Amino acid sequence: MADMITTEDPLTGEEIEIPADVEAGEIVDSPATGAELEVISVDPVTLEEAPELEEDWGE
Amino acid sequence: MADMITTEDPLTGEEIEIPADVEAGEIVDSPATGAELEVISVDPVTLEEAPELEEDWGE
Amino acid sequence: MSGPDGDGDAPGAADPTYTASVVGGSGFTGGELLRILHHHPEFSLAQATSRSKKRKTIGHVHPNLREMDLRFTPPADLESVDVLFAATPHGVSMERIDAFQEAADTVVDLSADFRLGTEAEYDEWYDGHARPDLLDESEYALPEINRGNLPGADLIASGGCNATAAILGLKPLFDAEILAGDERIVVDVKVGSSEGGAGGGDASSHPERSGIVRPYAPTGHRHEAEIEAFLGTSVSFTAHAVDMTRGASATCHVYPEAPVSKGDLWGAYRDAYAEEPFMRTVAGGGGVYRYPEPKAVAGTNYGEVGFELDPGNRRIVVFSAIDNMMKGSAGQAVHAANLALGLDETAGLEFTGLHPVGAP
Amino acid sequence: MSGPDGDGDAPGAADPTYTASVVGGSGFTGGELLRILHHHPEFSLAQATSRSKKRKTIGHVHPNLREMDLRFTPPADLESVDVLFAATPHGVSMERIDAFQEAADTVVDLSADFRLGTEAEYDEWYDGHARPDLLDESEYALPEINRGNLPGADLIASGGCNATAAILGLKPLFDAEILAGDERIVVDVKVGSSEGGAGGGDASSHPERSGIVRPYAPTGHRHEAEIEAFLGTSVSFTAHAVDMTRGASATCHVYPEAPVSKGDLWGAYRDAYAEEPFMRTVAGGGGVYRYPEPKAVAGTNYGEVGFELDPGNRRIVVFSAIDNMMKGSAGQAVHAANLALGLDETAGLEFTGLHPVGAP
Amino acid sequence: MSGPDGDGDAPGAADPTYTASVVGGSGFTGGELLRILHHHPEFSLAQATSRSKKRKTIGHVHPNLREMDLRFTPPADLESVDVLFAATPHGVSMERIDAFQEAADTVVDLSADFRLGTEAEYDEWYDGHARPDLLDESEYALPEINRGNLPGADLIASGGCNATAAILGLKPLFDAEILAGDERIVVDVKVGSSEGGAGGGDASSHPERSGIVRPYAPTGHRHEAEIEAFLGTSVSFTAHAVDMTRGASATCHVYPEAPVSKGDLWGAYRDAYAEEPFMRTVAGGGGVYRYPEPKAVAGTNYGEVGFELDPGNRRIVVFSAIDNMMKGSAGQAVHAANLALGLDETAGLEFTGLHPVGAP
Amino acid sequence: MSGPDGDGDAPGAADPTYTASVVGGSGFTGGELLRILHHHPEFSLAQATSRSKKRKTIGHVHPNLREMDLRFTPPADLESVDVLFAATPHGVSMERIDAFQEAADTVVDLSADFRLGTEAEYDEWYDGHARPDLLDESEYALPEINRGNLPGADLIASGGCNATAAILGLKPLFDAEILAGDERIVVDVKVGSSEGGAGGGDASSHPERSGIVRPYAPTGHRHEAEIEAFLGTSVSFTAHAVDMTRGASATCHVYPEAPVSKGDLWGAYRDAYAEEPFMRTVAGGGGVYRYPEPKAVAGTNYGEVGFELDPGNRRIVVFSAIDNMMKGSAGQAVHAANLALGLDETAGLEFTGLHPVGAP
Ligand SMILES: NC(=O)c1ccc[n+]([C@@H]2O[C@H](COP(=O)([O-])OP(=O)(O)OC[C@H]3O[C@@H](n4cnc5c(N)ncnc54)[C@H](OP(=O)(O)O)[C@@H]3O)[C@@H](O)[C@H]2O)c1
Ligand SMILES: NC(=O)c1ccc[n+]([C@@H]2O[C@H](COP(=O)([O-])OP(=O)(O)OC[C@H]3O[C@@H](n4cnc5c(N)ncnc54)[C@H](OP(=O)(O)O)[C@@H]3O)[C@@H](O)[C@H]2O)c1
Ligand SMILES: NC(=O)c1ccc[n+]([C@@H]2O[C@H](COP(=O)([O-])OP(=O)(O)OC[C@H]3O[C@@H](n4cnc5c(N)ncnc54)[C@H](OP(=O)(O)O)[C@@H]3O)[C@@H](O)[C@H]2O)c1
Ligand SMILES: NC(=O)c1ccc[n+]([C@@H]2O[C@H](COP(=O)([O-])OP(=O)(O)OC[C@H]3O[C@@H](n4cnc5c(N)ncnc54)[C@H](OP(=O)(O)O)[C@@H]3O)[C@@H](O)[C@H]2O)c1
Ligand SMILES: [Zn+2]
Ligand SMILES: [Zn+2]
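Chains as they are written, first to last, in UniProt numbering: chain A, 1 to 59; chain B, 1 to 59; chain C, 1 to 360; chain D, 1 to 360; chain E, 1 to 360; chain F, 1 to 360.
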């Protein structure tokens, strides 16, 4: 398994593990919530909730 | 509707109508049988049954 | 002769010419008969019978017919009409046939009671027959094999749905002499839940019945009798219940003596069905729908047949698909009645189905 | 003006009066339009467009239309017709509207492109609008709320299916002043898989999509805009995908200020819909089908509405059910076109559905 | 105390410690109890009762339990065991409770007979109660709201499946004081066909039941009582039958007084369930499964809860999903029994479900 | 060798003995492997690979595995483990076999790449083979026909699901010399949608795929090769897609030379399977579940076989049913791995399924 780092889930404030080599702009899913998080910066890693996939089901 | 020509369905021998401007190699479906036919030559138009799409359903 | 039904369902049409009643109108095929007749330009509906639902409106049972202004009457109170359709379980019509024939000049029976030709067959496959004297008179309803005898017929026996599917698939091979009648034929059938009728037991409750592939007639019994009677060959029949509501699909595995080509097969099916208004041959091609399947004919009186060659095994696989409620029962019955009375044979049966459609 | 379609589908009818084309004919609602128009006594079909299926027969995509003798043409090659139906994804019609209006005097659009009245609404709910100048001209297709403006309309916007279901259920309460517009309204919707159109992704594959109750629009966005625009009230909208192919069912939970009786409710729905040819009120009673449900209207242009009183919570629960392919799109579009052209409004839309039916 | 069941289902485990019987073992929840207990490391199964199937093997009714070497016994012949599970229709347990308590020190009842706290509630919502003296003694089984009172309990009332779904979804909002109890709460529920139990009528036959969205409890009655009893708030409850076999999904629409953030909600659900072995919070994110849905917990004792904020309407939408056969009945019952007896609470309940899965 | 997985899934069990990885972990059979291995007392999971989902959590794809604390890694980064399971499409393993064997002493492949014995067969039925040198070494995974060769095997080829179903049904007839190998055998198969894997096209979208009986392999090609290789007889194979997600059901129609009795058949099946932990013979009897059906084994590693005699046609109908995700792929693979490593053969595979269950 790739190296992991610990950071804070922006939605829950919980400590979560994500891959250590994430890049800015990458979307990772939170192991705590399953939510998609965007990597805002990498040194240190900060995350925020990714903008929602606007899924149109054709209405 | 585009111009149509009359030709013979290679599977049934029936007269069928297909677009007049088909090109060699094009696949047209037969209005008589629904089967996919390959245009072998265009002047005159000759058709033969298209090789079957090998669809693997993953077994 | 009755007046038109006042609700304007057949706009522009002339007044209906014939009156009709449905015995067993609260059942599944009875409901389909009511729906077809209600929209049929030449029929006016007089009565629909039910013992358990008598006095209730048709719409109480059949939600698609809420607009109909009619209530169920007891089957004992039959009025005089031109055509009586009986959609009752096996055994009822043979007991009540005198009353039916007294009420109507033309009787179309959807049960098995008048399908076979001889008392001996009923002794072998059923529990005998109460009125063997009538077996000679009755005509099998399926126009694709009995069109010639339907005009003027006054006792018509609508075919079984599985038998109809199998017969439609296999008949062109006999007509074209690709099969001779002494070959082994496997008929592997898959059917929907409406085939069991409205009064199901444990096995047809939703939790037990959904998502299944369940052998329900592992060896064929009665269905074989009917196929044999009309194709002149015995078949090895097996039926499975699958998760759809309407539909019967028959896959026939046959081994002709002499090699055949795809062209021979296309020829056989074209000869058999090119002039038939309700038959389509679907055999290969592209897209999602390449062979017959019940979804493609759901709600309609169409039958789809098709085939594939298996040269390695010297086998032909024949597929056929119908809606058991329509081509397999109510639609076939009305089709035959149209022919019996000299009407346009497609009258009332024009619906071509829906796409997409789930498990209709 | 075109000649009749030669295949005799509308026997006895006079020659069709109008020509029509369908842009997006390979899609789900486009297929329904083709089906309806093909059997419509007053329309003759000129073209059906598709980019991905061009030159293929209609039956290649829509197995129920195998009998049609027509091939898809590219959407760039539009011939001149009387009515053009556009069944394309959101955003296409607003870009191509000049070409559409050049090809036809009457354009009926099934997308959201011309449903809302102002550019501001498109800025808020969508990504703006390319042709805001036309928003004033377009008419909402749903006859039950906009019948008066349809005759002679030349740009018609067919409603969204979920919005249609909600509007049909709630409107009688506003008309009867049982609701005033400032109440909180919960609209909890359940829809089938055809709502997503023909090109689904992972979430709509059979293994992932079957057997579900899946929140897919947990909070409403765009659907709310349309409901608000036509009912003049905001709603709390949530939609779930469930295991059916056709159908949209809306359950609206509303809390009127003043107490109401069942009689009041029956009065409100009767006043709203007694004269409407495609609306039924179903509210209680016996049998299996006591409230609106999509199965009961599957394949038809009918809408069912109904209600139940919950005095303990001072709540009214309103149920409504439509077939999203019909009353929710293609049927509504043809209904509006019938009214725009002065035809019999039910022409081509008479099918009343099937019983039993699975998950149509 | 009994010996181990000889068929080696719990390899490596020590001998079971407790004996158990299931009254109503031929029913749906009874079958699940048998399955769980059969594989449970600490229980040995003594009896399963049925009147209609007595003397038949368990596998005759439950095909997944064909390997079990046990036959149904009549409910009158109860042997002495440690724990008796009653999975009988409402009203049976209150009549037979003395016999049950004589047979076993611990009785776990899956019906509604011992869920509410007072005779008055049974008078209001049911037809009264035969043994009101016992209502004080019984403990509600759902560990997420009553964990503290379960150790040592000898009369345990397993919750209703719809009530369980609603309570699990809403409780964190009350605990976190996001809701105070006087708000209007809409609980819109969708359930599968197994909720009706094994003996269904017409409405639950496959042809009538498949493909539906059918209001079956338009206004809530009894389900509301139980939710009110445990959340201390009244709710506006409506339930719909949909096309799945297992599963209950509750969508709760709530309007808190004060604005909340997503972080507040995540906090509330984490506080409530972070330590709960069977609860998951699923609220947004990517992929196909973004919110709670019954498919994701089918066959398991897990409950999923989640939420979405609707700032425009100042609404929170709360979703919860359980398997009505497990977390909604048999699983909950065994979970409570584990806690009552001081066993590992997850014993026998470890199955985490399947993917993909249809409509389980 | 790895430590235990810390989440306590296998309470009481000793530390897992073997490490394992799954290549193709984001697919359907890969997901089942992950589920089984995660709960398996003797395995600790090291890696699950996916290209498209790399870095995502397992639960992102497989909602039943949300509790797993693991992310997908790219298939290029394989760590060293004891056993590697490959659940990739046909053709991948034969290309990557060196990397697989370098990473693990034991490789279990779920694709067709190592099932057949000779390059000639791959030339005939597939597009040749990249590593024919390994065909001799590989062992077919199905213990019911190859148990003796599995201990110590280091390259194992898990069988095709349809082939597995057919082989399990027919093999007892060959062993008992009821069939000799030169008879005509019809194998009519019905399968669920998961057989197509996670990446379906148009034909597997929910609207097109639900409610169907669709011939998808009208004549058998590749499936026949595998059956022939292991039964030593050619068969006439035809497969239909039906509306379930999991499950493969084979109906074999066979005509033995000499007459047989039901007792002979019971004897043949008992001889073949009495000692097999995962095989059940179900042939007649009462209740709802009288013959093999996929519902009865859904989610499990069990196979059901059964038969019916058709004396009139001198036919035996053989039914067999498996879950294609389990006995037909992931379960069979783990079963074989258990035997290869000398573990308890049922380890990790004890789940006996659910009742009722919809279309799992
Ligand atoms: N379902 C199919 O796919 C199918 C296909 C081909 C042929 N058929 C045949 O069509 C017939 C009807 O089938 P179905 O599926 O429609 O059955 P069904 O749904 O069970 O309906 C039977 C109808 O007959 C009535 N009935 C029963 N016993 C009667 C009696 N003794 N006297 C008068 N009425 C009686 C019932 O109503 P009350 O009990 O209220 O009177 C009900 O209306 C059967 O013979 C069947 O074999 C069915
Ligand atoms: N499905 C419903 O229940 C429903 C209900 C109400 C309203 N609607 C609306 O109706 C419209 C159609 O929905 P649907 O479900 O039928 O969608 P669909 O099945 O995806 O069909 C879309 C059709 O549009 C064509 N198309 C796509 N992009 C195009 C372009 N740029 N130019 C020309 N043709 C294009 C497609 O064919 P090619 O790609 O081959 O050209 C296809 O024929 C949508 O706006 C939808 O919101 C749908
Ligand atoms: N289904 C659910 O999702 C669910 C969820 C939560 C709670 N519950 C509750 O659990 C209980 C059982 O539900 P179910 O769905 O399992 O019902 P079910 O499938 O109808 O089973 C009922 C069982 O009780 C037996 N029984 C009926 N009357 C009896 C009597 N007078 N004395 C002794 N045994 C009797 C029946 O067998 P015989 O008739 O052969 O004796 C059968 O085994 C009900 O109280 C229900 O409300 C069900
Ligand atoms: N489904 C069944 O019922 C069944 C039964 C018996 C046998 N099988 C066999 O089992 C195998 C898997 O079937 P499935 O149904 O699980 O298929 P699937 O759902 O399509 O999964 C295929 C998996 O392989 C990965 N993959 C694809 N191409 C790859 C490549 N070139 N290198 C590495 N990974 C690759 C995919 O993930 P990424 O694309 O993200 O890498 C995915 O994880 C097939 O060979 C199939 O024939 C399936
Ligand atoms: Zn279903
Ligand atoms: Zn389905």
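Don't read these hints as lab results, they were simulated from the structure. Each hint should be verified, as a subset may be incorrect.
Capping the alpha-carbon separation at 27 Å, the derived lysine-lysine pairs in DSS-like fashion look like this [stated by the list, open to error]: (1) C:Lys262 <-> D:Lys262; (2) E:Lys262 <-> F:Lys56; (3) D:Lys262 <-> C:Lys56; (4) E:Lys56 <-> F:Lys262.
Here's a subset of chain E near chain A, in silico, CB distances under 8 Å, partners left out [said to hold, decoys possible]: (5) Arg71; (6) Ala103; (7) Pro259; (8) Lys262; (9) Gly263; (10) Tyr273; (11) Val282; (12) Ala283; (13) Gly284.
Nothing here was measured: the structure is a model prediction, and the numbers come from that model. Built from N, CA and C at the ideal position, the CB exists for glycine as well.
Tested hints:
| no. | hint | result |
| --- | --- | --- |
| 1 | C:Lys262 <-> D:Lys262 | violated (66 Å) |
| 2 | E:Lys262 <-> F:Lys56 | holds (23 Å) |
| 3 | D:Lys262 <-> C:Lys56 | holds (23 Å) |
| 4 | E:Lys56 <-> F:Lys262 | holds (23 Å) |
| 5 | Arg71 | violated (46 Å) |
| 6 | Ala103 | violated (45 Å) |
| 7 | Pro259 | violated (17 Å) |
| 8 | Lys262 | holds (6 Å) |
| 9 | Gly263 | holds (6 Å) |
| 10 | Tyr273 | violated (12 Å) |
| 11 | Val282 | holds (6 Å) |
| 12 | Ala283 | holds (7 Å) |
| 13 | Gly284 | holds (5 Å) |
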